[in-house]
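Chains as they are written, first to last, in the working numbering: chain A, 54 to 321; chain B, 2 to 437.
It is worth saying that the hints were derived from the structure and are not from the lab.
Beta carbons: idealized from backbone N, C-alpha and C, even for Gly.
Treat the hints with caution; some may be incorrect.
[Unchecked claim] 20 Å max Cα-Cα, derived SDA-like pairs, lysine to any residue: (1) B:Lys53 - A:Asp317; (2) A:Lys240 - A:Arg230; (3) B:Lys146 - A:Gly202; (4) B:Lys146 - A:Arg134.
[What the hints assert, rightly or not] Chain B residues, not near chain A, derived (Cβ > 10 Å throughout): (5) Ala48; (6) Asp60; (7) Arg64; (8) Phe121; (9) Thr300; (10) Ile324.
[Said to hold, decoys possible] Away from chain A, derived, C-beta distances all over 10 Å, residues of chain B: (11) Phe49; (12) Glu57; (13) Cys66; (14) Pro70; (15) Ala85; (16) Val137; (17) Asn149; (18) Gly157; (19) Val160; (20) Arg166; (21) Arg188.
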Amino acid sequence: MNRQPNIPPPPRLGIFKFTSCDGCQLTLLNCEDELLALTGAIDVAYFPEGRRLALEGEFDVSLVEGSVSTPSQVEEIRNVRDRSRLLVTIGACATSGGIQALKNFAEVPGFIDAVYAHPEYVKTLDTSTAISEHVKVDYQLRGCPISKGQLVELLTSLLAGRKPQIPDEAVCMECKRRGIVCVLVAKGEPCLGPVTHAGCGALCPDFARACYGCFGPKEAANTRSLADAIRAGGRGREEVAALFEKFNVWAQPFRDERNRQRGDSNED
Amino acid sequence: MKTERTIKVDYLARVEGEGALDIVVTAEGEVTDCRLRIFEPPRFFEAFLQGKSREEVPDVTARICGICPVAYQMSSAHALEAAAGVHMGEPIRTLRRLLYCGEWIESHVLHVHMLHAPDFLGYESAISMAADHGDVVKRALRMKKAGNDLVDIIGGRSVHPVSVRVGGFSRPPRKRELKRLLPDLERTLDDALDVVKFFATLDFPDKEIYYDFVSLSHPDEYPMNEGKVVSSKGPSVTFDEYEDHYREEHVAHSNALHSRRVGGGTYHVGPLARLYHCMDRLHPTALQSARECGVPLPTTNPFVSIVVRAVETVHAVAEAIDIINGYNEPASALQEVPIQAGRGCWATEAPRGLLYHSYDVDESGSIVKAKIVPPTSQNQPQIEEDLRSYAPELMDLDQEDMTWKLEQLVRCYDPCISCATHFLKVNVIHPPVSSG
Ligand code: SF4
Ligand code: SF4
């Protein structure tokens, strides 16, 4: 076969890990069938930790897993940004700080003491924050972990040079479309489906349990009216606050609602 | 002439996170420094579990590790049920084994092929290996997918399943969905038997280590969710007694705690330990493949762990097929667990070894205190011991080969991530040549 003399090199994809559980990267690996068509079309460079930035060259698309939770990561994410044409956060840790952002509400010394006998050995920031609090982010994938379907859509559309189609709707819509019995109305369970970003296909309701918000808030989520409704169903403030104190607790609407229930805000 | 050797590996294959290796051996063969450094940023799970309600715990602890979330869910759920003084009966017990089989398949296949095999076949990564051994890699992806699919059907998704609850499953898996997996599982069983044969022909470094093997042991089954904690140096202990015999310490060079025997001894958890104590309880198909593979098993050679993981993969696939064949979909697989104050301790067998959890729960069902001892914390002091004993034997090798052999020894313990796209970057620093 004749190669075109000036065929452009395949786009370079970088994968970077910050503070995380590796589950989102693993989801990427688990798309082997769907991504088979893409490999060959892209050149994949994997960086298991942001710190080893003996980074060479530039990236067309960088996928970033994990939150920023140590002093050196603040520098590392800037370096990744500088070398990336498009930067995409994958998963709740990168997009909203992850479950480790629970420490943002606590006294960190107390946190370290609870786990480590010698706190002086541990280097950590007081907060775990989303990538977008440090650098500009072009696209965000939500979920703890991300959805395969959304990931494949994102990569194929970016390669084709079109805008990814990732609808901003609630889990509730996916659930209704699938005809699943509503766990909130029918069973009175505190379901976050109405305020949670779609992507999982209403997995939890399909497994007869309430959504716990692992995809984080959808755009303009009305957490307040949902929280009020759940409270009206007889659940206490503490219990309602706990619903939001999970993998996306640092995402603004969830954080605000958590603070409102805990009385850490001036509202209400 | 032998000279002092310094081995430095800045990024090691994931050992429950990010790790590096530093070893210094003097010309006389004395190891003066040996540190497996873990610098994965801490995430403080035990701290923020405090105050969480019991029901939330399996969802939260799953997020400790994306490679073995089921293990974290299993240890959490069992420990919390124990805290309430209840024990799950059928069908929950068997369904939990089936779910664990799925995770063992995924995790073992990933480690054996993508991480460990390149060492033996002489490749720097699974990517370069794939160019010459495309069939091996393709077979591995196919097998891993069978494991993923099993966890998907029972748990909703393979990373952080949603159906696992304290008390069982929010909904039992559908019989027709499980049955649909059988052809793939049958094929995976054939594949897994071939994999045992294939890896048994490898050339293993000669290294026998007199380990204190620690694993669960159950009289009637290969250990996963139940049994006692047994040790080759004794004694056998119940979960409630575990902390009297095994203790964690915090060392300066690691963000992972180190666990040792009370009294200071190191010990080894994982597939080698399980096979050592429980080989006769393997599924007959797996037992036969272990006996006929040509490598003497059980073994105290850490390098042979690749064969042991392959044998355990056969076990997990064969047991999964049996369970699915006998499965009748129940109306529910969720048992009532009373809310009461108490303390619960439990351990299960994660793919890479014993995973211990303990919880103190108050009368409202909130967590007062949580303790989690992952397999890697337990193996880390043993890995350092192994390196100390192995490094002096390698002084005749050049720097590159010596580094590679030592890394390989570490990887024998680590069935974690490090997928097809993972590569390891090694820096070898030549020390000033000492006179001697
Ligand atoms: S978002 Fe969830 S699955 Fe993804 S890395 Fe973070 S903890 Fe793991
Ligand atoms: S239903 Fe909610 S908690 Fe469950 S997987 Fe979907 S987004 Fe996550």
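Handout entry: In rising order, the numbers of the hints this structure does not comply with
Key = Hints 4, 5, 6, 7, 11, 12, 13, 14, 17, 18, 19, 20 contradicted; others consistent.
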